[in-house]
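Peer 1: Each chain is listed here by its residues.
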Amino acid sequence: MIEIEIDGKKVGATEEETVLVAARRLGIHIPALCYHEVLSPYGSCRLCSVEVVRRGRGKVVTACLYPVSPGLIVKTNTARIKRLRKGIMELLLARSPSSETIQKLAKEMGVGETIFPKENETCILCGLCIRVCDEIVEAHAISLVGRGIEKKVATPFIEISDACIGCGGCAYVCPTGAITIEGEFIKFGDNTFGKLNEFRKKDTGETIKEALKMDSKDNKNE
Amino acid sequence: MAYRTHLMVCAGTGCVANGSLGIKKALEKEVKRRGLEEEVLVVTTGCNGFCGQGPIMVVQPDGIFYERLKIEDVPNLVEEHLLKGRPVKKLMYVPPEEAKPIPKMMDIPFFGDQLLIALRHRGLIDPENIEEYIAQDGYSALAKVLSSMTPDEVIEEITASGLRGRGGGGFPTGMKWKSCRKAKGTPKYVICNADEGDPGAFMDRSIIEGDPHSVLEGMTIGAYAVGAEQGYLYVRMEYPLARKRFNIAVDQAREYGLLGRDIFGTGFNFDVEVCRGAGAFVCGESTALMASIEGKVGEPRAKYIHTVEHGLWNKPSCLNNVETWTNIPVIILQGAKWFASIGPGDVSRNPWGGSKGTKIFSLAGKVYNTGLIEVPMGITLRDVVFKVGGGVPNGKRFKAVQTGGPSGGFIPESLLDLSVDFDRLVEAGSMMGSGGMVVLDENNCMVNMAKYFVSFLVEESCGKCVPCREGLKRMEEILERITKGEGKEKDIEVLEEIGIILKDGALCGLGTSAANPVLSTIRYFRDEYEAHIREKKCPAGVCKELIKYEISEEKCTGCTLCARKCPADAISGELKQVHGIDTSKCIKCGICYEVCKFDAVVKK
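Here the protein sequences line up with chains A and B, keeping their order. Quick note on numbering: the working numbering labels position 74 of the first sequence as 74, and the sequence is numbered without any gaps. Quick note on numbering: the working numbering labels position 252 of the second sequence as 1252, and the sequence is numbered without any gaps.
Next up, chain A with everything else stripped away, as it sits in the complex (with noise of 0.2 Å):
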């Protein structure tokens, strides 16, 4: 056990434990857009970002990577960081304006209008359907493909894939509502990744619920 200090508060931590982990025992509210506790953190959305402070110097890291080490001194709140947020989800609201979820984040961050023109793009590329996929049912059917402007999440060549089990975590971890369960099929935008089945639509859906935790509130964005 280490002791860490956030926000001036002290919090014990166990090592290889991040800092977002340690915050939020704590009780302190990091927004993340592309984090869940089941999943292991990708740090593409950069909400989470804190400032540690070393030598007087502040640095800013992604709270979800950031491993704790004895005596660190995080500040979660600091202008900087305020800031940072608030330019990102700047970006992201006019990524994907019509999202509930990013209206709701925008809004707590004060963010009320994004000066961008605003595009219509339902995905954030937050990757936690691939890693629910990688890594909780092991399939390996989705995957980014393209990279910058051009990414997306997508089956090999964009085709209904034989890996997808049909199971529909991707759609029940995706935050933004990207990834839709359409009558038997799990759709983005035009690319079918797979076919919902009898066995899978009365069973594995819940039993991936039940691994996301999603009755947890940390997996609710709230």
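Simulated from the structure, these hints should not be mistaken for lab results. Heads up, a few of these hints could be off.
As the list claims (entries may be wrong) - Listed below are the simulated DSS-like cross-link pairs for lysine-lysine, each with C-alpha atoms no more than 25 Å apart in a straight line: (1) B:Lys1396 - B:Lys1548; (2) A:Lys59 - B:Lys1303; (3) A:Lys151 - B:Lys1503; (4) B:Lys1396 - B:Lys1603; (5) A:Lys59 - B:Lys1503; (6) B:Lys1588 - B:Lys1536; (7) A:Lys151 - B:Lys1303.
Said to hold, decoys possible - Just some of the chain A residues that point at chain B, by a computed CB distance under 8 Å: (8) Cys45; (9) Arg46; (10) Leu92; (11) Ile115; (12) Ile149.
Ideal Cβ positions, reconstructed from N, Cα and C, are used throughout, including at glycine.
Once you have looked at the hints, place chain B on chain A.
Peer 2: Relative to chain A, chain B alone:
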């Protein structure tokens, strides 16, 4: 067999593209025809760096330098120089604004002001022949290390030399090696990063193409120091010749027992595998590179846990750039003291305390001598641009130099006396990067330059993190608007704000440095932004939407040339009458401006 003369024909990519292999064949034919084949040997070498002047040939031992050779020059050259002993003046280099040619290579300022350490075998050896490398003391550093030094002694030597990573980060190499040696876990790996992706930069390609064994020897020494038995060279897809020559080097080294099991009978094992990239700029970032070798999506990850502890396949991995590796054998042979005596700062107590040795730059843009140069750290930008580079051509005025590749910053004329080293460049809002250097003159628009590099980075961002993916796209949109004359008063402020989000929030080095071209141009050339936004004018006359061409009534002689060359039929006028441009048809290609012999076409 001893030859009296060696004809060293450059076979670097630039010269090959200009036909140097044809020159080589023609030389061999002519030498034979003249019965000189017992006395004169034609040799192909690696890149000489003076790529703008290719194809290049150096006659040794006298060191006479010939440039821009054509096959039809060969018979005369052989007859005059090799038979009659009269070097051919018209094939020699003539400095800018002078009439007299310079016969000897080392008297040419481009070469004479350089200091070759990493490129020490430039133009001297055949890169496909290991014996030529060995003849230049090749592999003797490895022999010294394996026979008389402990791994810790090797690391101490490299640390004391003050060598810092040449790929851009500038991390002290000895420190990195030490952490990797101390890291728990086996096996360990050494990796050579040859995924050189900066537009116009080709330092690493040139080293591998010209001197592959020096990289291999450096890696082998590094492997011994950190305790690795396996190495990887990750080379970009676009470098087929480098890959071929490195593979030849690996095969030859294995054959000579310099790679493989029980090297020099010391019980040390090491081998290298070549991995080919798939064309992604971001895979030059160390963690993305390792993901790519593993067959995963080429995305960087956070480096809070260092790759020297958990790198390739989660094992301790020591990654260095090509230029870093190639410096290793020389440091071992000539000593840390010698290396640390070159360049500014003091590294005796703090490895971050200075910039030591040399740096290779690829000098491009509006400069008389373009190509690859190796200069001592601490040289001023002025010396690089005006001495080695020969200054700005066509009597134009120097405006700025961009260092550090696409995410480097632009440095203005007022800072030309800046010392070229890791720390001063960062202070000026740019960086050393891997060594791109682009010179700009008065005809370059800084807003347009910033837009160009931001567009490159938008294309090459991996898209993982929000600041880089979304932020750069928004920057590009704003810059696009400004260059079209649709800029808003608040745009500069918004660009700066996105810059801060990128610096603080982006995941990897690509993202955190991506705003440099924008922030540095705002810092030093704010007036140009303001002219675009407020007056809807491009002071350099580059942004098409903001300029128009007109024909001066006083100067036009009615020669009709512009009208004939105009691709849009926008110019009309009778012979010997003043011409006029129909602005509704004009596509602003600038051809009329360029072809007019009387300066009658004016840009407004």
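Peer 1: Hints first: check each against the structure and report whether it holds.
Peer 2: Consistency of the hints with the structure:
1. Between Lys1396 (chain B) and Lys1548 (chain B) the CA atoms are separated by roughly 22 Å; this keeps the pair inside 25 Å, and the hint holds.
2. The suggested pairing of Lys59 (chain A) with Lys1303 (chain B) holds, with an alpha-carbon distance near 14 Å, which does not exceed 25 Å.
3. Proximity of Lys151 (chain A) to Lys1503 (chain B) is assessed by CA-CA distance (about 22 Å); at most 25 Å being required, the pair is judged to hold.
4. Straight-line distance between C-alpha atoms of Lys1396 (chain B) and Lys1603 (chain B) comes to about 17 Å, which keeps the hinted pair within the 25 Å bound.
5. Among the hinted pairs, Lys59 (chain A) with Lys1503 (chain B) is consistent with the structure: their alpha-carbon atoms are about 11 Å apart, no more than 25 Å.
6. For the given pair, Lys1588 (chain B) sits about 16 Å from Lys1536 (chain B) by alpha-carbon distance, which is consistent with the 25 Å threshold.
7. In summary, the hint linking Lys151 (chain A) to Lys1303 (chain B) is supported, as the alpha carbons are separated by about 23 Å, within the 25 Å threshold.
8. The criterion of a C-beta within 8 Å of any C-beta in chain B is met by Cys45 (chain A), whose closest approach is roughly 6 Å, and the hint holds.
9. Taking 8 Å as the C-beta cut-off, the interface hint given for Arg46 (chain A) holds, the closest approach to chain B being about 5 Å.
10. Hint status for Leu92 (chain A): holds, given a least beta-carbon distance of 6 Å to chain B, under 8 Å.
11. For Ile115 (chain A), the shortest C-beta to C-beta distance to chain B is roughly 7 Å, which falls under 8 Å, so the interface hint holds.
12. For Ile149 (chain A), the interface hint holds, since its Cβ comes within 8 Å of a Cβ in chain B; the closest pair sits about 5 Å apart.
Violation of the numbered hints given earlier is absent; every hint is satisfied by the structure.
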